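Since each chain comes alone in its own frame, lean on the hints to assemble the complex.
Keeping their order, the protein sequence lines are chains F and Y.
Using this note's numbering, you'd call the opening residue of the first sequence number 1 and step up by one each time.
Using this note's numbering, you'd call the opening residue of the second sequence number 1001 and step up by one each time.
It is worth saying that the hints were derived from the structure and are not from the lab.
For clarity, every value in this text was computed on a predicted model and none was experimentally measured.
No false leads were mixed into what you were given.
Derived pair list, reagent style DSS-like, types lysine-lysine, alpha-carbon separation capped at 27 Å: (1) Y:LYS1064 <-> F:LYS406; (2) F:LYS2 <-> Y:LYS1084; (3) F:LYS2 <-> Y:LYS1121.
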Amino acid sequence: MKLSLIIRISLRQIFSRSNSGFVRTVSSLSIAGIAIGVAALVILNSFMDGFSGSILEQLSAIHPPMEIRIPGGYAFKPEDIRFAESLALMSESITSISPVLEKTVVAAGNSGDVAGVRVRGVDWDIEPSLVSGERLSELNVSGQGAVLGKALSERLGVSQGDIIRLASTDATQFSAMGRLLVDTIVSVSVSAVTDFGIDEYNSAIIITDLTTASLLFRNPIAATSLSVGLVQEADPVREAESITAELRESYIAGDSEYMVCDAFILTHRNLFAALGLEKTGMTIVLALISVVALLNLLSALNMIAIEHRRDTGVLRSMGASPRLIISTGLMQGGIIGLTGALTGSAFAVFVITVINEFFPIRLDSSVYWIDLLPGEVQPMLILSIGFATVAACLITSLFPAIHAIKISPSEAVRYE
Amino acid sequence: MSDNYVLSAVDIWKSYGKGATFLSILRGACIEISAGEVVSIVGPSGSGKSTFLHVCGVLDPPEKGTVSVGCMDVWTVSESRRAKIRNSELGFIFQFHHLLDEFTMLENVAMPSMLAGCSRKDAFDSAAVLLEEVGLSGREQHFPSESSGGERQRAAVARALILSPSVVLADEPTGNLDSANSRIVEDLMFELAARRNQAFIIATHSIELAGRAHRCLTLDDGILRS
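Next up, chain Y with everything else stripped away, as it sits in the complex (with noise of 0.2 Å):
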């Protein structure tokens, strides 16, 4: 592996079930990412697009290859390791918000620089920087029942960058907006990306999303294909 490569995942297999029910979703899989460039996977529905997302976001194991990041193959080390990792190196956006409800829009954002050990002030500050960013400024102490779809899923691209993790694994991310906030959500991932020089890799159904990234990647039969 190339020490320029923010993440990368080699020979990922994965499957589900036992007997009858048994699924081979992935079988050999393979990404390699460099630090700010934008990867869209794109392929039907059940290929297996989140699966992959989640093995290399060190949320999954996968039953055969390897996921670095950096230089370290996280499924290698301890799991309170993989969780630092999952801290400070990689940042999730899911296709459903996934905020927490007991907290504010602000608490939100700064839950993983909490999570990291900065002070409440330190992680309120940089979480009231980013959600201004994206346009959230005055949404600070909004809950986000009290806010829109698209509110929400800009309030989650911002929790996913407040600690500028080297690679943000996007699954679905305007899955369930409207056109108009897809692309807000879509410019300012990009604008992000290029401005952080943060990796992106997107999961996505959107033609029009996956065409936008530097490389688009289709999962087909387990394996991606350029």
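So that you can see chain F by itself, here it is in the shape it has in the complex (with noise of 0.2 Å):
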């Protein structure tokens, strides 16, 4: 097969001299609107996938990626922590355990304000390095004390060094009344006032240490869960469903506690589900400006068959194939998706950037948890794009290359 001669009689035909320039003009128009279909569903996906990566990124700062509990919300006793440890340390992706007490209690403060507020209480040893990114560690909190969001610190009116008190009631004490409501309160300093990223953690999540946390349960226990933290490259769908089965295998054997392993992201299955469609939903919209666009191309490559009709009458007098007009046909459908889909990634990689450098897109943290809204520049996503644009620009190209094959070559080259 003669590639060059192809291209360079598929190029010159697309950009062709003939008839003012209307051909290359029609053929421009083509790659633009492949380029601006390729550009619009590049944006969306790198936007949408940003904001979805972002909302992951700042839970997973806080939560570790996997969490051991017992279901019905019981609590851990020691024995069922160390044979959970013993368990799960088993498996080489798992970096360590750390117990975690959870609670809801109300917060008070020095505004005389209250709110009711998440307590979660975590060993400062270990919990940071389960966790991804450095926030927690940049903290620097040891020993007793609570970090609070800065919603919820402006709410209670403190702010580091200052004394809450967190409030928790139990139903446990029993008396000839039936059973009493028991109220337990804790003060604590404020050790730290941060940013979670995300605006319901901000207004409701104070962190402390399993002391503190402790004190609010008026039966003290173990552990409310498990963090479980995985190496870097560990699936952690995986390790928890495989986790999990080893754990029921050990309750059915009457060697521990039921207990299961969940995977953060699947706890949050419903977010990224929601995300997911909204995505799916929007890409489909935008891929209709790419059915338009072949639809264009469509009608380009068919004008561009039929102005060069004669031509191809002339090639195959001069001994050219089928195959090699069919091919020629096909180039010009690649050339002219190729360029579009270059064009189009390229400068859906310039407004990206540009946006995310210069025009930062602000959302409102109280409707859309984070506050900015990152584009993710996706070499994968590009290429996937890029790729299927290039394959639907050939298979639409097919049909006018097999159309100028079916031109008669003597009808063609007759004199009018």
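Structure, rendered in structure tokens:
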């Protein structure tokens, strides 16, 4: 196959000199249409992935990748922790395990206002190493103390060094009147005020040490859950399934309490499924732009074929095979598709970079969880969209290419 | 068929249309041509001269009859084989030059060589020599739109001859030229035919051109007569 000749003929016909550049204009518009379609798809997917990735990143900075819990919200006994730890650490992917105490309490500060918050007691020596990012370790918290989000500290009117009171209620005391509600009030100093990145966390979560958290439980318990750290390359979903299966076998064998291991990402699957659905819907809508661009390409290639009908006949008379003619038609579609895909991808990368660097998209964090919408340039995504576009262009160009070989060379070269 | 003939067409039938528009163009036309022979075909417009050349040039299949190039019955072989025959054994000169507008004169002349698989350099070298032979040296990089009618037709002659085909089919080669340019193109064809020992079948209205051929045939009522 004379590839260089096919490319040369294709390029000359696409950017034809004849008819005052009309063919060239139509070809350029086809390329522009495909470029816009590709750019729209790349930009949309980059920002949608940036959005979900950013939320995942913020959540992962506080939550470990996996958590072992006892279904029904029951507390762990020390022997349960030891068993789960010995079982989980048999996997090479697991780095360490740390107990967590979580409870919903009422917090009060200096402002006189109170807030219902979730207190999460963690082992400050281990927990920062289990979560991704540096957010917890950067706080440099040790010993007793509480870490608050910005919104909560403002609401309670406290800052670093101030004291907040955490009130917990338990229905654990029995009397002649039945079960009584007993309040437990714990005072703790604010070790740090930070931005958790997510508005809900900034306004409704307090991270403290295990000792302080355990005081909120009237009957001291070892843990409400266990944080599990994973090596970076491990798949948390697969690891969680594997550990759950082993824990189930141990439970059936009577060796342990019934425990399960949850991958953090699956506990938020509703959120990510909703984001995925939204992304799919928008991708379908924007893919219609590409469909319109392909129809435009079909028209352009048909026009090029009609415009060069006589040339096709002349080439046939000079010995061009049907294979060469059809290859030329396909090459024209491929060239327009490739040029459009490259241009569109380059434009999309440019737009994403400019938006990220100079015109960041600010979001209302009380609505969207995060306050900045980042665009993520993903080479694999761009390659996939580009490859699909060129493939679609080749398929589209098949019709005019087949039509071209059906033209009778005798009719095409007849002088009119 | 004698092996001496470079091309022979025997009992060629061809018609167009159906019913009321049915028109029988060729009714058993025959031709046999030897190497170096120049045959002219004359006849009124619509008599089927172009159709006959297209059938002989393997561009249009006959309804009946056989066309042989060398010893090969061209309408019994595959289309890709026919394409090779058109490329290597046949050359076409059309009434309107039919150069490719997007290519330079050099590229146009080199095109059959490139289609045959020759390297770009070899094809261009051969084309440059031929362009010089037809008096177009210095016009290699000009596009057809930048050249006169006579120059374009001379380039078309060069293009038809670049692979030294055994038969050149010329359909009204001087039909669109003024008398001076007609004379130049005619002289060129006869000189090259003699020098390269190539057979020419020339369909023409020009009595003068027809008269210069070795044989002159008249297409009358679908049959070629001497």
